[in-house]
Each structure stands twice: as structure tokens, then as C-alpha cells.
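Produce the entire structure from the sequences given, and follow the hints as far as they go.
Here are the chains, one letter per residue:
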Amino acid sequence: MKISPSKLISLLFFIFSGYYLYTAYQIQVFAFDENAPFNAKTFPIYLGFAGLVFSALYIILPEANPTNVDLKVLDYKKTIGLTILMILYGLTILTVGYFLSTSIFLVASYIILGERKWIWIFILSFPFVAIFMYLLHGLLNIYLRDPFLKYIGIMG
Amino acid sequence: MIEGILIGLQTALSFKNLMMVIIGCFSGTIIGMLPGLGPMTAIALMIPITYGFDPSTGLILMAGVYYGAVFGGSTSSILINAPGVPGTVATSFDGYPMAQQGKAGKALAIAAYSSFAGGTISAIFLLIAAPSLSLVSLSFRSPDYFGLMILGLTAVAAFSSKGNFLKAMMMVVLGLMLASVGQDTLSDIPRFTFDNMNLSDGISFVLVVMATFAMSEALTIIFKANDPTKAAKQISLSQLGSIKLDKDETKKMVTTIPRSSVLGFIIGVLPGAGATIASFLAYGMERNFVNDEEKQKFGKGSVNGIAAPETANNAACSGSFVPLLTLGIPGSGTTAVMLGALLGFGIQPGPRLYQTNPEIFWSVIMSMYIGMVVLLILNLPLIPYIARVLATPRTFLIPLILFFSLTGVYLMSFNNFDIYMMIGIAVVATILRLYDFPMPPLILAFVLGGLMEENLRRSLLISDGSWSFMWDRPLTIVIMLTIIFIVGWQIYKSFVKKKL
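Same order as they appear, the protein sequences are chains A and B.
According to the numbering used here, the first sequence is numbered sequentially starting from 1.
According to the numbering used here, the second sequence is numbered sequentially starting from 1.
Any given hint might turn out to be false.
As the list claims (entries may be wrong) - Reference listing, derived: stretches of chain A covered by chain B, where coverage requires no fewer than 3 residues with Cβ under 8 angstroms from a Cβ of chain B:
1) 9–22
2) 25–37
3) 49–62
4) 72–83
5) 100–108
6) 113–124
If you are wondering where the hints come from, they were derived from the structure by calculation, not from laboratory data.
Yeah, the Cβ is synthetic: ideal placement off N, Cα and C, and Gly gets one too.
Printed below as a string of C-alpha cells:
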């Protein structure tokens, strides 16, 4: 039996709703609140049931407008590349600092997407991030942690 | 009243105050364009500066920043599908597709004219009806708010589902589930935090909206870059288009603006409702008002689809000043910050402000209006330059969108956990979008989740656990019947009509 991707997503949502409902029942409320008309777990329980009902209906009922996607034409390489890059950015932003990690993230993203105009790649990374940082840090007084700039003595 | 208006005008039109409006509008637009920094942040950033001025000048500067930031938020919604504030999410439904068709200039001009018109009409309402409207706002009870929120969610699910109501309703539930993460507002009991401190405050709006809109849009463009059908739809982004509107477009706006202004203003007056619900309801209402041919254009760059939410959110901004100035109750996050600023100046807003300090009352209203005029004069000539953002090649634009999204979230929390969560949500959203699961219902549900639970809690506690609150009052019954009608119509359309 072949199941459509939308129905598969609905099945996953059904399982997720079941897990959400189970977790909602596990929420510890205060003893005096246990039998109250409304406590911390009331709304999540309703949501869990709503999720189960809507996803079950979608799985059971015939699809009104099935969505067809040609999976062969999708560009997995660049999309996964950018996603990994964003994860690496998250890993380095606190240790390396905002300026260097953001600039390197931008340079790498331009290259992954096929850009080869090196002057623009440079302008729209290091100087661009420096100006943006000045706007936030210098003008709007929003503190940006940057161990690298602190180490070389640019930031206090 | 006339005397009060003249005093307000005299204060607002002095050289110093006019300069403040211009500076406020310009800096507000720039701040509002940065994802993560909305009107609330912009005003909060201005508070320390305004304490050096007299109350009127300080409030005038803040009013300029407020409207500038709202316009700036619309700009990023239209150009890069990155609504920085909930009130401009509905603008992106048609604004972004219109920009993608090479008409970015026109989309921004429609947004500017609609915002101005919505603000003007609501300022007139504010002048005439502010004191009496405060009584109307007090007649809404928790069950009515709860009903109004379900109405908003079903309306959004109905118009954005593209014939698949159940998919949209699943997204509504998912949005509400995401909103339920974090400590319970009343009892502080942690829910769905899995002993992770980063989740105890819940998931931030900026994170969810950036992940589901800006970031997943960028990933979808890359994902579908080789799709011939999709590539054909994405017309060259180098076309900026004219900012001039033709007769037909102006005609459409002329009919849309008055009804959206009225709706926006009324919703804005209700404490807690605000610009977000106003813009979504106006979008849904407009879709029901237009003819079938125009209805098909919704979501694909409709003039009415941009004008309605833009008018309503600005009208609601003015409307939200009614409970603030007449009752001392802030109707939205932004007016809550304004309340803080007013208290800092030693002014206590409330029923007596209108009688005891009429000059403050009227100068706030007048300065708001002058702010909008300045904004229109200042920003219209700049639109072609602002719209040039879209001329940036995709190889540069997409990394920059990702950069603004990541920075927007990083600025909120300064930790990398939010960055990982954002990437996770964006990846899931990209897959969901691929199979036509709509994102707008998820966002609205996420925004309304906390308020909805709060109002349901109050309603159930007052009625001692009985669900009779849903039909106890005529106003609640009307709202509930409208919801039943929308749901019934959707089911009829999906199944019965198809068989015929």
C-alpha cells in the first residue's frame, strides 16, 4: 500500500500529538489545583486531543488536493550544506565571537551558493559585519559578546 | 475639544518637535527593518533619551519611532518575507509575492498609503470617540476574547488552507503546542521544558517567525532552485517596478481602506487584542468581501491583500491608545512600554487624564498623526532605494537573509541553543511547506496561544468548570455562530461541493 507524503506527515503529527498528550498528563500540578476547573495541564491536554483528532481525520479521509513534489529536482547538496553551516555558526558564535564567526559564515554561504566575485564576497562579509556590529554595539548600546575582538584589544 | 486640539497642534508643530518627529520616523524605520527589533524594542531604546526632554517632546519622539518601526517592519515583510513583528505577518502573505513579481516598489507604496490612510481614519475616530469607546472595550469579557481568538484562528486557517482545511488546522494546533512550552503564566509550573533552562521562558516569537518565514523561505528557494516549474514562477528579482498605482489599484484600495480601518480601530480598542489580530481579521474579512476573481489573487500579490492588513494594523495602533489614555490599561506590548514612559514623566494615564491634563492627551494624539504625515513624506521618495534590496543577486541575498534571521534570534537571548532550535524549526517548516502545510495559521496560533489559554482559564474558573460560558452572553453566541459557519463552510467546500 502506498501512502502519500502528506498523509505520512499527518501520521507523524498523530504520533507527536500522542506523545504531547502523554507529556501533558505528566505535568505536575499543585495538590490544591489538582481538581480545579482549570490548571496548568488542562489546555495542553485539549491541544493533544485536538492534534490527534485533526491528524486522524486527515489520515482517514480522502485527500482533497494531493500535493505532488518531484523529489528528483530538489537541490539537496546546497540545502544540507547551508544547514550544516548554520549549525557550525551556532557552535562557534560564543567561543570565537560574533564578528569572526558571522563573517566566516557569510563567506562560506556565498561560496556554497556558487558566488565567485571575491571583492563582493569580502565587502559583504567582514566590513559589512563590522558596520552592523557598530550599529548595534556602538549606536544602539546592544552588547555583543566577542572574545576574539576582546583578545586583539578592539573591544573592551 | 477644539481648544484641546489646537493646544495639541501648537505643541506638536514647534520646530523642535517637528525635528523630533523626523528623527524618530527615520530611526524607527531603520530599527523596524532589522528582524528582531520591532516597535516595542525601538521605543524601549528611546526611553532613556526622552528623559532629557519635556513630556510632550519625549512622547512626540516616541510616536515617530513607533510609526517608523511599524513601517520598517512592513518593509522587511514585503521585501524578504521576514516579518519582525506579529502585526506585519499578514502583510507578507501578498506583499512578498507581489515583490517576487517585480513589483516591490508598488507593494511598498500600497503599504505606505494604506498605513497612512488607516492611521488618518483611526486618528479621526480617536478624536471623536476616545472617551466613549473605552466603555465599549470594557463590555468584552473573557469568553468573548476566547471566542474572538478561535474566530481569528479558524478564519486564518480557512483562507490560507488552499482547499485543505485539515492541514491548516493541524498547523494551528502545532502553533498552540509550541506556545505552551515554558512556565505556566499563573502557577509557574514548567511545561514541556524537559528540565532544560533554555526552555523555561518558552520559545520566542522572533525565533518561530524567523524560522518559519524568513529562514524556511530561503531554504525553500535553494531547495527548489532546479525545479523548472518553480523557477518559472520566480521572475527576475532585479525588476523593482514603479511606485505609481493605476486607476484600478487605487479603486481597490479606496474600498478596502475604510472597512479595514473601522475593523482595525475596533480591534485595537479591545485591551489585549492589538494589531496582530486586527491585521489577520482584516485580511480574512477582505477576502470574503471581494469577488471570486479577486479572491483567487489572494496569496499571490493581491492589492486588497496588502492594503487590508496594513490599514488595520495602523488603525489598531491608534485604537490601542484608547484603553491606554482613557483607562490606563495598555492594549498591547508597545503601549505597555509607552505606559512605562508616561509614568516616567510623572503622568498617570486613566479616566482623569482627559480632564486634568488635556494638553498631554491631545499632544499625544496630534503628534501621532503628524508622525504619520512625516513618515509618508519621508519614506515615499525612499521606496525605490529601499526596494533595491531585491536587486541583490540570490547568491548574496539568501545568506544575508539567513544572517539577519540568526542575528535577530541571537540578539534576543545571546545563547546558541536558540540558534539550534531555530534551525530545527526551519528545517521542519521547509518540509511542511513543500507539501502545502500553511505557516500563517501556525504563527497566529503561536502568538495567540498564551492569551487564549488565559481567557479560557478565566472563563472556566468563572463558570466553575462549565462550558456554558460559550452561549451565556449574546456577544459570545454571535462569535461562536460565526466560527461554526466558517468551519461548516470549509467542510462543505472540501467534501460536499467536490462531489457535486
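Q: Please flag the earlier hints that this structure goes against, numbers listed from lowest up.
A: none
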